[in-house]
Amino acid sequence: MASSTPAVTVVVTTFNRAGYLRVLLETIARLDPAPSSVIVVNNASTDNTDEVIAAANLPMPLIHHRLRKNVGGSGGFSVGVERALAEGAEWLWLMDDDVEALPGAIAAFQPWMGTYRCLHGRRYDYSGQPFFWQHHFNAFLGVHFPVRGNVFRHRPVFHTNVGCFEGMLVHADVVRRVGLPDPRFFLNGDDTTYGWLIAQSEPVAYINEYVLKKARPQKQIDLGVRHLNDSNDLGRYCGMRNRGHLARYLRVKGSFNRWGFGLGTLLTAAKEVLRLVAVEHSLSGLAPLWRGWIESRGILRDPEWQPMPPVETNPTDPVKETR
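Note that the working numbering has the sequence shown beginning at 1, numbered continuously upward.
Just so you know, these hints were derived from the structure itself, not from any lab. Computed from a predicted model, the values in this text were never measured in an experiment. For every residue, glycine included, the Cβ atom is placed at its ideal position computed from N, Cα and C. Check before you lean on any hint, since a few could be wrong.
Straight-line Cα separation of at most 25 angstroms, SDA-like style, residue types lysine to any residue; simulated pairs [to be verified]: (1) K214 to L266; (2) K214 to D50; (3) K214 to E26; (4) K213 to G104.
Taking CB as the label site, the calculated pair distances span [as the list claims (entries may be wrong)]: (5) A107 to G298: 27 to 37 angstroms; (6) D173 to R301: 29 to 39 angstroms; (7) G19 to F152: 47 to 57 angstroms; (8) Q200 to M60: 25 to 35 angstroms; (9) P103 to R66: 24 to 34 angstroms; (10) G104 to H159: 37 to 47 angstroms.
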């Protein structure tokens, strides 16, 4: 177990959610112990995000990394992680803009940071109830499945093989080895894939400590084994298209099965149709699903596709910021 508090850099990706971002920064300011720095990647927001960041009163350095165009959550985290490494980050705590950090979050992580190098804490949903996040990735199908029951019944830590950028705490050395998050995903599936890549060589841990609360309400239904949240057409399209990128990573790691992955794609499409019918009460999202599947086929056949390479970053290198 760790006996001191390692330096933690918080990396936030934001797009047109100035109100949520303001609250998140206020909660980060109250963290005890505090992070060493905060990096906010602004995905070309058109609301008053610039003003919120400029007015933030944090007891630690705040870096505003503004992009000229919206590169999605995947691109934002890729840029933010690269910037954090260039700034000399030791640990990176990745989070979306629509969560709140609980005051003792870093202290909750601390006892485990000497044992694991990729950690996730528990989250509350908008209503203050436990947010379901306990999955295991099945490489044969290319699908992550919920793990039923209380995963903390016998131990305070659950080993998984998926990741979530809404709260992943990862060591810089792991990032350098695995590479930056893949910006080609744009959104949806990038963090699951990243956690699986990490898990190929070391454990990904989910600890029985609450560290975040979801600040944005979502429509959802309870399926018993998990909650199914609402989505949108862009998320559906990217989710299906990104199975092409996922398949390529499975191939790189020697874990791709054509027939199993095809079945997994059918299951993924069925889940999205269920989401449309049961949560959103609409079938208007079927067209984006189809377009995403067509594009995934092109990714599978792309002869120039390459995985993200390991990172060779010198913390003393000059950082180029896009404004």
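Hint check:
1. About 30 angstroms separates the Cα atoms of K214 and L266, which puts this hinted pair outside 25 angstroms; it is violated.
2. Between K214 and D50, the direct Cα distance comes to roughly 23 angstroms. Compliance with the 25 angstroms bound is thereby established for this hinted pair.
3. Annotation: proposed proximity of K214 to E26 holds, straight-line Cα distance about 15 angstroms (limit 25 angstroms).
4. Using a Cα cut-off of 25 angstroms, the hinted pair K213 and G104 holds, with the two alpha carbons roughly 12 angstroms apart.
5. The hinted window of 27 to 37 angstroms between A107 and G298 is violated, with their beta carbons roughly 47 angstroms apart.
6. For D173 paired with R301, a C-beta distance near 35 angstroms keeps the hint of 29 to 39 angstroms intact.
7. A beta carbon spacing of about 33 angstroms between G19 and F152 contradicts the range 47 to 57 angstroms that was offered as a hint.
8. A hinted range of 25 to 35 angstroms for the beta carbons of Q200 and M60 is consistent with their spacing of about 33 angstroms.
9. With their beta carbons about 29 angstroms apart, P103 and R66 fall inside the hinted range of 24 to 34 angstroms.
10. At roughly 23 angstroms, the beta carbons of G104 and H159 sit outside the given window of 37 to 47 angstroms.
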